[in-house]
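Protein chains in written order, with the working numbering: chain A, 31 to 397; chain B, 31 to 397.
Treat the hints with care, since some could be wrong.
[Stated by the list, open to error] The following label-pair restraints were derived from C-beta to C-beta distances: (1) Gly-233/B - Asp-270/A: 32 to 42 Å; (2) Gly-274/B - Asp-270/A: 37 to 47 Å; (3) Thr-277/B - Thr-258/A: 33 to 43 Å; (4) Gly-262/B - Ala-366/A: 27 to 37 Å; (5) Ala-43/A - Arg-224/B: 37 to 47 Å; (6) Lys-273/A - Arg-224/B: 30 to 40 Å.
Rather than coming from a laboratory, the hints here were simulated on the basis of the structure. Just so you know, these numbers come straight off a predicted model, no measurement behind them. Beta carbons are placed, not taken as given, at the ideal position from N, Cα and C, and that holds for glycine.
There are 2 protein chains.
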Amino acid sequence: MSTASQTLVLPHALPLDGGGELARVEIAYETYGTLDADRSNAILLCHALTGDQHVASPHPVTGKPGWWQRMVGPGKPIDTDRFHVICANVIGSCMGSTGPASDAGDGNPHAMRFPVITIRDMVRAHVGLLDTLGIARLHAVVGGSMGGMQALSLAANWPERAERVLVIASTSRHSAQNIGFHELGRQAIMADPRWQGGDYYGGEAPENGLAVARMAAHITYLSEEALTAKFGRNLQDRPDGSKGAKTFGFDADFQVESYLRYQGSGFSRRFDANSYLYITRAMDYFDLAEEHGGRLADAFAGTTARFCLVSFDSDWLYPTAESRHVVHALNAAGAAVSFVELSAPHGHDSFLLDVPALDRVVEGFLG
Amino acid sequence: MSTASQTLVLPHALPLDGGGELARVEIAYETYGTLDADRSNAILLCHALTGDQHVASPHPVTGKPGWWQRMVGPGKPIDTDRFHVICANVIGSCMGSTGPASDAGDGNPHAMRFPVITIRDMVRAHVGLLDTLGIARLHAVVGGSMGGMQALSLAANWPERAERVLVIASTSRHSAQNIGFHELGRQAIMADPRWQGGDYYGGEAPENGLAVARMAAHITYLSEEALTAKFGRNLQDRPDGSKGAKTFGFDADFQVESYLRYQGSGFSRRFDANSYLYITRAMDYFDLAEEHGGRLADAFAGTTARFCLVSFDSDWLYPTAESRHVVHALNAAGAAVSFVELSAPHGHDSFLLDVPALDRVVEGFLG
Chain A
31 MSTASQTLVL PHALPLDGGG ELARVEIAYE TYGTLDADRS NAILLCHALT
81 GDQHVASPHP VTGKPGWWQR MVGPGKPIDT DRFHVICANV IGSCMGSTGP
131 ASDAGDGNPH AMRFPVITIR DMVRAHVGLL DTLGIARLHA VVGGSMGGMQ
181 ALSLAANWPE RAERVLVIAS TSRHSAQNIG FHELGRQAIM ADPRWQGGDY
231 YGGEAPENGL AVARMAAHIT YLSEEALTAK FGRNLQDRPD GSKGAKTFGF
281 DADFQVESYL RYQGSGFSRR FDANSYLYIT RAMDYFDLAE EHGGRLADAF
331 AGTTARFCLV SFDSDWLYPT AESRHVVHAL NAAGAAVSFV ELSAPHGHDS
381 FLLDVPALDR VVEGFLG
Chain B
31 MSTASQTLVL PHALPLDGGG ELARVEIAYE TYGTLDADRS NAILLCHALT
81 GDQHVASPHP VTGKPGWWQR MVGPGKPIDT DRFHVICANV IGSCMGSTGP
131 ASDAGDGNPH AMRFPVITIR DMVRAHVGLL DTLGIARLHA VVGGSMGGMQ
181 ALSLAANWPE RAERVLVIAS TSRHSAQNIG FHELGRQAIM ADPRWQGGDY
231 YGGEAPENGL AVARMAAHIT YLSEEALTAK FGRNLQDRPD GSKGAKTFGF
281 DADFQVESYL RYQGSGFSRR FDANSYLYIT RAMDYFDLAE EHGGRLADAF
331 AGTTARFCLV SFDSDWLYPT AESRHVVHAL NAAGAAVSFV ELSAPHGHDS
381 FLLDVPALDR VVEGFLG
């Protein structure tokens with residue numbers, strides 16, 4: 031399944047939560063399946079921190095399958111024979127939508143002149159896209175992790191735009207620990223001398239700093255149990271093919287070291303370090319209750335959407351208690367909400383992996 | 031309470047697990063309380079990764095109280111009116127014992143020529159110290175975190191040297207997740223261009239890389255609950271004294287960011303980055319079962335010591351299951367062992383903090 035990424039420019043400037051506006055906003059997005067004549071079968075998929083619009087088509091840099099290939103397609107839980115699926119790269123990112131690497135209008139990248147954005151700003155851009163595409167009301171908005179934050183933000187701030195809201199492995203606010211992990215990643219990037227205050231475009235990117243940030247994040251995406259099951263204390267076979275042994279040096283003796291280094295360096299080649307700074311900042315700023323006077327239930331006052339929240343028992347990044355917190359607020363707001371904690375061993379990344387129970391929940395909720 | 035650090039040179043070369051030996055080993059240590067005429071009241075305290083011999087005396091660099099000031103002293107749980115307390119800086123560290131920053135004998139620091147050492151190598155140096163001091167058998171060996179690894183290693187490899195073994199918030203092996211966090215710290219240090227392959231002595235140290243490593247580690251030392259209770263999403267007051275607000279920039283808006291930056295930079299000023307590499311490597315290599323043919327119970331075969339293991343319910347670095355694993359092995363070896371999981375909110379760092387229940391366990395076990 032392959033659909034080329036499309037790009038459009040929003041017809042108006044985008045006002046931002048931090049004040050000011052983005053004058054020219056380009057949105058890169060993909061669609062799958064056909065939009066009905068009455069435009070009622072659209073599903074907006076919202077991607078996570080390092081995700082993109084390539085949901086079910088090969089990634090243009092890595093050539094790997096789309097990040098939700100297993101979930102989205104003909105006859106799959108998000109059935110593109112029935113639904114028109116839209117996924118847009120968030121603003122601030124680096125896969126075609128306007129972000130720090132984009133031209134600021136003066137022939138140079140924004141770099142750190144790019145404004146600090148919020149999750150709501152990302153969603154405001156999505157809504158601009160939907161307006162441009164003539165989609166007044168979504169069949170559903172769906173997202174995992176940061177995608178779930180966007181789904182919640184859409185439901186809270188544009189309540190008439192979605193009939194169904196599916197939030198997977200997410201939270202309504204970033205905790206101190208969440209912020210801590212992001213902050214160490216940002217410090218790693220900014221400590222890389224190649225970062226150059228963000229003005230590295232055209233030169234060497236701060237790949238080492240970004241790799242360290244990714245290693246830290248990656249540990250939080252997996253459960254301790256998953257890491258133990260996958261790697262334990264297994265030693266890495268040597269480049270010459272000999273069996274693994276402790277080298278009494280600083281090579282990657284353990285498989286988990288080798289894996290994390292690979293994850294870090296691979297990520298550095300496909301992602302822009304400044305985008306990592308801006309998107310993590312948006313996530314850290316996210317606090318849906320605070321946006322609505324301090325009481326989360328008020329964020330959902332008067333909603334008519336149906337909600338479904340899914341958490342994973344092994345997710346320690348956004349644990350079940352965070353989903354439950356949202357469910358309680360939705361209950362207090364009188365919203366229709368279902369909630370399930372799924373048992374899956376992979377940790378936070380379970381939402382991207384082979385969890386058949388998730389497929390059934392997604393398919394069932396989308397109706 | 032103040033006791034000057036003392037230094038001695040071991041009378042012989044120190045054989046190492048990785049092969050070879052350290053020709054000249056200097057040990058910096060402190061003692062508190064008086065050694066009995068029959069030399070039977072000595073307690074060896076083993077310090078953690080970033081600890082040192084300054085247990086109950088001010089740190090010479092920071093001026094802060096010793097790391098276990100609350101636990102060690104006259105009338106305290108480790109009562110220096112009754113016991114002769116010894117704490118030695120581990121080899122590989124940077125507070126006076128031989129480590130990467132020490133002269134290699136050619137007028138230059140070892141730097142990365144320093145051999146990769148193990149926890150057992152550290153303990154072998156401790157045993158050399160005890161031999162030199164004429165202490166054949168300890169009343170107890172006591173340690174938290176990496177100190178607990180040393181206590182277990184002493185009990186397993188030199189079983190005649192300690193009557194009592196007290197292991198707090200520790201483990202018999204480093205998990206894949208533990209290794210992962212250490213590896214990202216090492217990568218952060220080695221990515222710092224000031225690291226220079228370890229040859230930075232006399233110039234600028236890789237403080238940024240070490241600070242990032244410390245930030246990552248520090249998050250693992252605290253529970254999510256403790257971070258939330260201490261900081262939550264509270265914003266940092268501005269330098270001009272005005273109330274905290276989101277700046278829509280990359281300053282430390284959140285208190286937790288400011289705290290972690292402070293922890294990172296403070297640590298960089300008092301600790302040697304190469305020592306951080308070597309000591310984390312020793313911890314990652316630690317697997318007491320593997321050292322003894324693969325079965326942990328065999329590590330303790332024939333022990334006559336009494337053991338006490340303490341874990342904390344909020345410690346996710348070395349969770350209770352790790353202590354229980356050791357207890358099961360001790361049971362299988364027929365050892366005398368008591369075990370308690372204490373409830374404390376602080377996470378792994380609970381062993382250093384005000385937990386009165388820990389004081390009672392320590393005092394009771396030491397008899």
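(request) Taking the numbered hints from earlier one at a time, note which ones the structure violates and give those numbers from smallest to largest. (result) Violated hint (a single one): 2; every other hint is consistent with the structure.
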